[in-house]
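Fit chains V, G and E to the given chain Z structure using the hints.
Number of protein chains: 4
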Amino acid sequence: MSERFYTLNASCPDQVGIIAKVTGFFAKYNGWILSSHFFADETSQGYFMRLEVRADFMDFQSLKILFEKEVAQDLKMRWQLFDSSILKRVAILVSKQEHCLFDLFSRWRAKDLNMEMVCVISNHPDFKEFVEWHKVDFHYIPINENNKREAYFKMANLIQNYQTDALVLARYMQILNKEFCAQFQGKIINIHHSFLPSFIGAKPYHQAYQSGVKLIGATCHYVTEELDKGPIIEQDIIRIDHSHSVEEMILRGKDIEKNVLARGLNYHLENRVLIANNKTIVFK
Amino acid sequence: MSERFYTLNASCPDQVGIIAKVTGFFAKYNGWILSSHFFADETSQGYFMRLEVRADFMDFQSLKILFEKEVAQDLKMRWQLFDSSILKRVAILVSKQEHCLFDLFSRWRAKDLNMEMVCVISNHPDFKEFVEWHKVDFHYIPINENNKREAYFKMANLIQNYQTDALVLARYMQILNKEFCAQFQGKIINIHHSFLPSFIGAKPYHQAYQSGVKLIGATCHYVTEELDKGPIIEQDIIRIDHSHSVEEMILRGKDIEKNVLARGLNYHLENRVLIANNKTIVFK
Amino acid sequence: MSERFYTLNASCPDQVGIIAKVTGFFAKYNGWILSSHFFADETSQGYFMRLEVRADFMDFQSLKILFEKEVAQDLKMRWQLFDSSILKRVAILVSKQEHCLFDLFSRWRAKDLNMEMVCVISNHPDFKEFVEWHKVDFHYIPINENNKREAYFKMANLIQNYQTDALVLARYMQILNKEFCAQFQGKIINIHHSFLPSFIGAKPYHQAYQSGVKLIGATCHYVTEELDKGPIIEQDIIRIDHSHSVEEMILRGKDIEKNVLARGLNYHLENRVLIANNKTIVFK
Amino acid sequence: MSERFYTLNASCPDQVGIIAKVTGFFAKYNGWILSSHFFADETSQGYFMRLEVRADFMDFQSLKILFEKEVAQDLKMRWQLFDSSILKRVAILVSKQEHCLFDLFSRWRAKDLNMEMVCVISNHPDFKEFVEWHKVDFHYIPINENNKREAYFKMANLIQNYQTDALVLARYMQILNKEFCAQFQGKIINIHHSFLPSFIGAKPYHQAYQSGVKLIGATCHYVTEELDKGPIIEQDIIRIDHSHSVEEMILRGKDIEKNVLARGLNYHLENRVLIANNKTIVFK
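Chains as they are written, first to last, in this note's numbering: chain Z, 31 to 314; chain V, 31 to 314; chain G, 31 to 314; chain E, 31 to 314.
Take the hints with a grain of salt, since some may be wrong.
It does not matter which identical chain is used: a pair holds within one copy or between any two.
[Stated by the list, open to error] With a straight-line cut-off of 30 Å between C-alpha atoms, the simulated DSSO-like cross-links for lysine-lysine are:
#  : residue 1 : residue 2
1  : LYS233    : LYS141
2  : LYS99     : LYS58
3  : LYS126    : LYS58
4  : LYS217    : LYS259
5  : LYS309    : LYS106
6  : LYS106    : LYS58
7  : LYS259    : LYS309
8  : LYS178    : LYS165
9  : LYS118    : LYS94
10 : LYS233    : LYS259
11 : LYS184    : LYS118
12 : LYS217    : LYS99
13 : LYS106    : LYS178
Hints are computed from structural coordinates only; laboratory data are not their basis.
Next comes chain Z alone, as it looks inside the complex (with noise of 0.2 Å):
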C-alpha cells in the first residue's frame, strides 16, 4: 500500500481489443499492474477500467501524454489518470449533527481516509471549537431565505479557492441550489438517512416510522440537481422492529449512516467510482 501508484480510471465505446491495448502500453513500458478491473455496461454500451500502476517506471506527465497518443485517442477514451502521492482535498458542509462530522474526523485522523481535510463548512457556528482544535479551518456562514444566493455564491468560492476535489455532505440540512450542484458536480457526496429511493426528502425516519417497514438504512450518492436522485455510491440497512421508537430508529440509524458515508467517500477517494448515466460502477 505504501508504495507509490498511478490509478486509472477510463471508459470508452466497447469493442474486441480493448484490455489488450490497455494492458499492453503498460507492459511495453515495462508499468507493473497491480489491480485491474473491466467492466462492459450493458445500458450504455460503455466499457468501463480502473487500474493501479505502480508508479516506478514512467513519470506522471509523461504517462499521460504517452497514454493520450497511443491508447486513449484511437479508443475514443475518456480518462483520468490520479497520482496516490497526491491527497485528495475534502471539505465538509455541516450543520448541528455532529456524528458523521467526527466520525470523518476520527477516520481522517486515524489516517484510514487518505486525504486532506481543508475546511468544514456549517451554517450553525457550534463545532468551530472542535474543528479549529484539530487545525482545520472552520467557515461559519449562516443561511436564511433572503441570503441563500448570497451564501452559495460565497461558499461556491471557498471551496474553489481551497481547490476543493471532493465535497462532503456531512447531514448538512440544506438544500443546495442548482447553480452549485451544477458547478461541481461527480464531487459533491451526500448522506441520506434512508434506503433510497424509499423515504425521499425530510424527516426520512419519520416516514420510515409510519410505513412499518422492518428494515431502515442509509444512501450515500453524488448530488444533482433533482433532490436525493443522485448516482448512488454506497448503501447499507439494519433491523428494526415495531419497538423501534423514531428516537431510537434515529440514534440507530446513525451508525449506518456514518459507515456508509466512509465507505463512499472512501470509493470516491481511491477513484474507484465512476459513473455511467445516473448509476455508479464502484470497482471494489
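Then chains V, G and E, alone, in the frame of chain Z:
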C-alpha cells in the same frame, strides 16, 4: 416444543395493571406461562401481548369462557386463543414461478412449517403434477379480462370450503379484486419482490436496475385493497453491484423472496403477528 | 424516554405465577410498567426478567424495601433496581489504537451513550491531550514485565475511587491479571476483533487471513479470567474476499469493532444484560 | 447470457505483462472478452485470472492448442478452458436431512443451477421415491463400521462411471475416507453447519448453543483429508439470541445452509473458484 400449549393474542387500551391481571388469571388456575411478550404502542395507545401457556391446566373451551369473563371484559380486550394441537389450514396461490411454491412444499414436508397444506390454486396448469404428487389438491382457475369476477368468486368459495386460515400468494401474478381482499382481510400473505415501499407494482427488479440501488430486497406483507401497501410482516435484502444484470437480480432475489415469505408465514402460523393500524407487531 | 423510570433486573427459579406476582406488586402500588421482558432458560432452570416502571409511584428506597419483602423473598429472587436518573460511571482502558476510544467519546458527547465518562487509563501517553480536551481525567499507567502487579493494583484503586460501574477495554492490548478480573467481574467489557470462538488471542485478523474465511467479525464480551472466553454480549460480521490483505481487514474491521462495542456497552448501560452461567440474556 | 462462451481459469507466477499477453492473444484472433478478473496473490506470489470469451471466434480444440502454444508455455501457466454449452455433471450425497437436497433439486428444476444432475447416492433409502420422481438415478449404499472400505470403493466407481464433475455433500453425515478425498480433490463440495473455523465436527449447533454466540452460520468448502478444514468457498450467518433453543437454531440454520451451499456450488459450476494453497479465490 412438542408439548401442547395455548397461544393468547390480545390487545386493549393501555392502563396500569394489564399484565398483572392477565398473568394473575393464569396463575390462579395454575397455568404455566411458557413465553410472554408485551408491547405498549405509543401511536395507537394500544397494549398488545402474546402468551404461550401450557395446555395441561384447563380445557380450551373452559379457558375461553373464563378468560372472557374474568379478564377480557374488564380490560375491553380484543383477543384470540389458539391451540397448538390444531394446525392452521393453508392454501397457496401461484402462477408460473416455481421457487416459492417449491420452497413452501419442502419446508412443509420437512415439518419446518407447522400447517396443513389444503390446496394449491393456480391460473396456469403447470404445477398440477408436482402438487398432486405431494397428495395435495390442485385447482386450475384461469383468469382473463372477461372472467375475473367469476374466477375470484370461484376461488373465494374454494378457500372457504377448505376452511382456510391463511392464503399465501407465492408469486401469484394477478391483482386480487377488492371484494376478495376484504373477505379474507388479515389472512392473505403476499411476497413482493422489492424492499417496499421502493418499487411498488410491476417489474420491481427492472425498477431496481434502473435506479442503481446497491441492495435489493423482498417484503412479506398482508394484502389489503391498496396494491403493495398492506402491513409489512418481514423484509430482507441482499447486496448487488453494477455488474448484476436484471436477470441476475431476479435469480439472486429468489433466495430472499423464499426466505422472507417463509419467515413471514411462519410468524403468522405461530400467531406472532398482531396488526395495529397499518403496521404489524411481530413478537419473535 | 425523558421521564424518570426504574429498571428491575431479576432472576429466580422457575415456577408458576412469577410474572403475576411481580407485576401484581407493581399494579398494587399503581406502578406503570413501560416495558417488560421475561425468559425461562431451560439450561439453568432459571427465570429471568427486566422491567421498566415509571418512577412517579414510589421513591427508590421504599420500592427496594417493599419489593424485597413482598416479592423477592418468596420467589428466592436475585434482583437489582436501577434509577434512570443516575447515570452509570464508565472508565476506559486504551492502548495505542484510537478508533474505539474516539468512537466512544463521539457517542458520549452526542448523548447517544447515557453515562458519565469518569476517566481514561492508558499504558501509553498518546491520547492525553485528546482526552483532557474533552475535560475527562487521563491516567498514564505504563505496564511492563516487572511492574504488572503494582500497575494493576494502581489501576484497581483508581477504578474504585472513581466508583466505576463499567470498565471498557477499548482495544486495550494488555492481558488483565486474575485478581483484577475477579475484582470487577461482570463490569469489564472487552471488544475482541474476531468472531469468537474463532481466532482467540493475538492477531485475529492475521489468523482470519490465513484461514481464508469469507466473513470477519468482532465480539463484545464480559471479561473473565479465561482469555476471550467470557459471556458474549454482542457480535457482528462483515463480508470480505480473497482480495483483502490483512491490512485491509484491519481497516474494515474497525467499523465492526466500534459498532459492536458501542451496542454491547449500551446494553450494559441500559441494564439489558443478565448473565446465566457463561452466557448472556440480552433483553432488547 | 444465452450466447455460448468459453471460460478460461488460469494461474501463473506474477510478472509484468501477463494481462497484455493473455488479452492480446484473444484480440489477435478477434475473441470478444465478455468479462475478466485478475488477481495477484501476495502470499503465493501467484497471478490468477478468469475470462469469459464469446465462443464465435474459434472452435474449442483449436483454441486450446493455440493458447497453450502462444501464451501458456511462455508464462508457465496452469490453465483450464470450459465451454458454456457443456453442462457440468453433478452427483449428490445425502443422508436423512432433506432441506439441502430438496433445495438443490428445486434450483436445478428451475434452471437456476446450470448442471446435469447425474445421480443421488445415500446411506439411507428415504429419498428414493423423491429422486426417481424427478427422473434422476438413486443409489442406496448403506455404510456401517464393517463395510466402509467397500462402500467408498463402490461409490467412487459410481461417481467415475457417471463422469462426475462435482460431488455435493448435501448434509451427508458420514466422514469420507482419505483415498476418496484424494481421488476427487477439488471436486467435493460440502456444507458445514457452522461458521468455520468455529465448531468443527459433530453437532455444531449444540456447540454454538453452549458457547452463547449471537450469530450462527454455515460454510461451503472443498473437502480435503482434514475434517472441515478444506478451502472455504462461501459463508454466511444469521442472528440469534438467548431465546433460541438448539432446535430453533437447527431450524433457522437450514436457510443459511441451503443458500450458502447453492451459492458455493454455483460459483464452482461457473468456474469462478480457483484454489491457492488452502484458500479460494472466488471471482464474482
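Problem set entry | In rising order, the numbers of the hints this structure does not comply with | 3, 13
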